[in-house]
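S.K.: One letter stands for each residue in the lines below.
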Amino acid sequence: MSAVVTPRHRVARLAPGRIAIVAGVAIMAVVIFAAVFAPIIAPHDPYAQSMLARFRPVSAEYWLGTDQFGRDTFSRILYGLQITLWTAFASTALAMVCGTAIGILSGYHGGRVDRWVSAANDLLMSFPQMVAGIIIVALLGPGITNLIIAIAITAFPAFYRMARSAALALRERDYIDACRVLGYSDIRIIVRHLLPETLDDIIIVATLWLATAVRTESSLAFIGLGAPPPAATLGGLVRDGFDNLLDYPGLAIWPSLAILIVMIGLNLVGDGLRDANDPRATA
Amino acid sequence: MLLKVEGLRVSFSVRRGWPFPKTHELKAVDGVSFDVRQGEAFGIVGESGCGKSTVARAILRLVNLKEGRVVFNGIDISRLPVRQLRRLRPKLQMIFQDPAASLSPRMRIGDALAEAVRVHGIASGKAVDRLVRDALNEVGLAPESAERFPHEFSGGQKQRIGIARALVLSPSIIVADEPVSALDVSVQAQILNLMARLKAERNIAFVFISHDLGVVRHFCERTAVMYLGQVIETGQTREIFDAPSHPYTRLLRSVSPVPDPEKPALAEVQEGEPPSPLDPPSGCRFHPRCQFVTDVCRTKTPVLRPFGGGLVACHHAETLPPAEL
Amino acid sequence: MSVLVVDDLRTSLQINGGEYHAVREISFSIEEGETLAVVGESGCGKSMLAMSIMRLLPSVASITAGRILLDSLPIEAVSETGMERVRGAKIGMVFQEPMTALNPVLTVGEQISEPLRDHLGLSRREARKAAIGLMEKVRIPSAASRYSSYPHEFSGGMRQRVVIALAIACHPRLLIADEPTTALDVTVQRQILDLLDVLRTEGKMGMLLITHNLGIVAGHADRVAVMYGGDLVESATVTDLFRNPAHPYSRALLASLPRVDRDLSELASIPGRVPTLVNMPDGCRFMDRCPHAMEKCNSMPPPADVGDANLHMVRCWLYVQGGEHAA
Chain A
741 MSAVVTPRHR VARLAPGRIA IVAGVAIMAV VIFAAVFAPI IAPHDPYAQS
791 MLARFRPVSA EYWLGTDQFG RDTFSRILYG LQITLWTAFA STALAMVCGT
841 AIGILSGYHG GRVDRWVSAA NDLLMSFPQM VAGIIIVALL GPGITNLIIA
891 IAITAFPAFY RMARSAALAL RERDYIDACR VLGYSDIRII VRHLLPETLD
941 DIIIVATLWL ATAVRTESSL AFIGLGAPPP AATLGGLVRD GFDNLLDYPG
991 LAIWPSLAIL IVMIGLNLVG DGLRDANDPR ATA
Chain B
71 MLLKVEGLRV SFSVRRGWPF PKTHELKAVD GVSFDVRQGE AFGIVGESGC
121 GKSTVARAIL RLVNLKEGRV VFNGIDISRL PVRQLRRLRP KLQMIFQDPA
171 ASLSPRMRIG DALAEAVRVH GIASGKAVDR LVRDALNEVG LAPESAERFP
221 HEFSGGQKQR IGIARALVLS PSIIVADEPV SALDVSVQAQ ILNLMARLKA
271 ERNIAFVFIS HDLGVVRHFC ERTAVMYLGQ VIETGQTREI FDAPSHPYTR
321 LLRSVSPVPD PEKPALAEVQ EGEPPSPLDP PSGCRFHPRC QFVTDVCRTK
371 TPVLRPFGGG LVACHHAETL PPAEL
Chain C
739 MSVLVVDDLR TSLQINGGEY HAVREISFSI EEGETLAVVG ESGCGKSMLA
789 MSIMRLLPSV ASITAGRILL DSLPIEAVSE TGMERVRGAK IGMVFQEPMT
839 ALNPVLTVGE QISEPLRDHL GLSRREARKA AIGLMEKVRI PSAASRYSSY
889 PHEFSGGMRQ RVVIALAIAC HPRLLIADEP TTALDVTVQR QILDLLDVLR
939 TEGKMGMLLI THNLGIVAGH ADRVAVMYGG DLVESATVTD LFRNPAHPYS
989 RALLASLPRV DRDLSELASI PGRVPTLVNM PDGCRFMDRC PHAMEKCNSM
1039 PPPADVGDAN LHMVRCWLYV QGGEHAA
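Protein chains in written order, with the numbering used here: chain A, 741 to 1023; chain B, 71 to 395; chain C, 739 to 1065.
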């Protein structure tokens, strides 16, 4: 028998994207660890103000200095990371579930329903992401939940399009016809036979969109549409730091660096997965 | 009668034209009727675009019928609500041309077969496994195959899996759309022999779609020849191929390669290709390519009528010279 | 005179550091005006053989031994650029899928004119005239007006005619047709094969017809070579092969063929399947599926020179003097 590659052994096919993935996963592991265990790691209370400790430079006690209220920047970044990541994961997950479900249903069903849903989706896509985000947050009002919903709506079209085109293509395949001949219900065909085929692509899109969600969150926070104070998010920290940019540039630079690291980590994982899954790369 | 197809019509809309495309009606199947008895193989032959695959898909309601009826065991399944149709599905199964594309790529063979059994409540628990193993055994695959994925099998083995998946549901009829045309000759023989055995032992009827006259002759008792969406001749396979009546059947028969160098090929074949089904010729659809064409052929569409032992749609069936083969 | 002589050809593939013989010790020749059909199932090496002759092998494959003489010219001595000229002018090629052989954005007329100008040095006007002549020769109706049509405006059969016009444009000595009608309907298939026969006779070309269809072989070839697993297992005149097939594989292949002209009770089928290249037996490659397999078949490949290469050659231990069985 020739060497056999089963779907279980897919990891073996990850070779081309492996280095990127390993690096990305390592970065994200550290970042997520830092966010989750922020209460334990953080040397100070991120919300504790101290007039005596304003604008402290980098030191053994305040690793990244303090802000104009004497709050520890490092601790605030850790807590900010927590909210930023939670917002990003929750919104991407929401967009993934809704986008994939509606996309697959729309593509599988076809016809008039598909045309209308696609038209609505195109309308949504025609707004630049930031503009859409701003409008939605403005409509919904401030708050983390609304922020998550707003980002999810901006990410929705990517998943919808992906899932719909996959369903459209797969619907024409013989094995879907075979399922119909075997008397399977549409729900069973979609869940058991269509969805698993699209999952790889969807997860890759999700990793790449996580990075975009982090960026959207930061941008919205930067223009004041993020989580309401005193909650710190990375974008909010950058914005606060901007007030004293010339005198204390560190206050804006440190959280910016944190955003950068998260984005690099997520993009490496996403790109790596995509390359590894590209049949042309493994041919 | 196990399966009765009556006046089947299927149309697709095609948008053609530039810069303002118009919707045209492509009559893929234009009034096809035939019936299939229990345990019998009924062949449908024709060239690409003649609508033979569409007939297969229409029988199984994979495409929508425009007109006509498909009666299975006395039940008109062409108008049956989806839920009731689903309950009947196990009895009407299908085998596809591309065995690789007709299996869910991420499902173990055993799971794929078991799913079909469970969905229809044919068996449960341990009995499912036994049924799956029996079906695999019947098509000549080892029981260990159940643990493996479709891509681990060769083309012929995949086709065996496709047949096993139909078999677990104990169908009374299998629609086979070009089941062996993607296979090598020696493997083709294995699959044909397997299907012939199932026909004989399990009394399963087949609707067998193929472009290969040799394969159809070997497997089917009766055959219909299709041209541009219509049946132009039907009857006993042997009679159709040994003494074809319709000029198109004669043409098909004479150009079908015979593996015998001592049978000289017919001298000359007239040039020409089937016209587009979007714009079929008036009258008899074969008239532009027919060497016996007369005026009546250009204006009047011939209907299928009894001739010899079968049915022929040709105005001149009685007066044509005997076919030279 | 031989248009093509292939002598003891071996083509190997490098897979994961190992070397595997995709074509093993093959010898044959094609005379002027003659059609040699190479038949075999998928994986038998027939396409690899064609690519070896055209020197269009993929990078992992290379000719490791043997000689190929094209019109008495040893092609291994020809440089890479020289080979391009040889392919354009001395070998005409017709493939299974005509669309892949044609450029979709050029008119068919321009495509046929191109080799005429490149290889025969015709002027634009002369080339146009000659191209229309060629299109008439391959019986494309109203050739002059279809000169400026694009490939997608042609049917599959007409496209294959365009490819044939291209192939014969420079009066090649050898025509290689690799499954030329597999993608076509039977009525069109017959027209294309008849056309190829006429052109071959008129142009005194030799033709290498690669096909899996024994019916086509019977009707359109003079001699036939049967391939299995990279070996040429039997070669003979068409009549001889169909009447007295000698190799167990040829016999099984012929017996497994359903026929349109007569009833058969059951088709003979060959058990098992072709081993993959990596798992090919060292000895006779058909051994695992052969009803007559014996000790010797396992240990050594049968000699490639049993019988007269031009009459009836069989590569099987059954036919070697001192073999344990007589056929």
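Some clues are possibly wrong.
[To be verified] Subject to a maximum C-alpha distance of 20 Å in a straight line, what follows is the list of computed SDA-like cross-link-like pairs (lysine to any residue):
no.	chain 1	residue 1	chain 2	residue 2
1	B	333	C	835
2	B	333	C	978
3	C	875	B	136
4	B	333	C	1007
5	C	828	C	942
6	B	136	A	851
7	B	333	C	983
8	B	269	C	942
9	B	333	C	977
10	B	269	C	980
11	B	161	A	851
12	B	92	A	925
13	C	875	B	341
14	B	333	C	960
15	B	269	C	1003
16	B	161	A	925
17	B	333	C	1001
18	B	333	C	942
19	B	269	C	1007
20	B	92	B	342
21	B	333	C	875
Think of the hints as simulated: they come from the structure by calculation, not from any bench.
Predicted, not measured: the structure shown is a model, and the values here were computed from it.
S.K.: Does each hint fit the structure? Answer for all of them.
M.R.: Hints versus structure:
1. B:333 x C:835: Violated. Residue 333 of chain B to residue 835 of chain C sits at ~29 Å, over the 20 Å cutoff.
2. B:333 x C:978: holds (14 Å)
3. C:875 x B:136: violated (45 Å)
4. B:333 x C:1007: violated (24 Å)
5. C:828 x C:942: Roughly 12 Å separates the two Cα atoms, so the pair holds.
6. B:136 x A:851: With Cα atoms ~17 Å apart, residue 136 of chain B and residue 851 of chain A stay inside 20 Å; holds.
7. B:333 x C:983: Holds, at about 17 Å.
8. B:269 x C:942: violated (51 Å)
9. B:333 x C:977: Cα-Cα ~10 Å, so holds.
10. B:269 x C:980: At roughly 31 Å apart (the allowed maximum being 20 Å), residue 980 of chain C and residue 269 of chain B break the hint.
11. B:161 x A:851: Not satisfied, since the Cα-Cα distance of roughly 30 Å exceeds 20 Å.
12. B:92 x A:925: Answer violated: residue 92 of chain B to residue 925 of chain A is near 35 Å, above 20 Å.
13. C:875 x B:341: holds (13 Å)
14. B:333 x C:960: holds (14 Å)
15. B:269 x C:1003: Within the cut-off at roughly 14 Å; holds.
16. B:161 x A:925: Roughly 16 Å between the alpha carbons, so the hint for residue 161 of chain B and residue 925 of chain A holds.
17. B:333 x C:1001: Holds, because 16 Å separates the two Cα atoms, which is no more than 20 Å.
18. B:333 x C:942: violated (25 Å)
19. B:269 x C:1007: holds (18 Å)
20. B:92 x B:342: violated (28 Å)
21. B:333 x C:875: Between residue 333 of chain B and residue 875 of chain C the Cα gap is close to 28 Å, so the pair fails against 20 Å, i.e. violated.
Checked against the numbered hints listed earlier, the structure breaks hints 1, 3, 4, 8, 10, 11, 12, 18, 20, 21; every other hint is satisfied.
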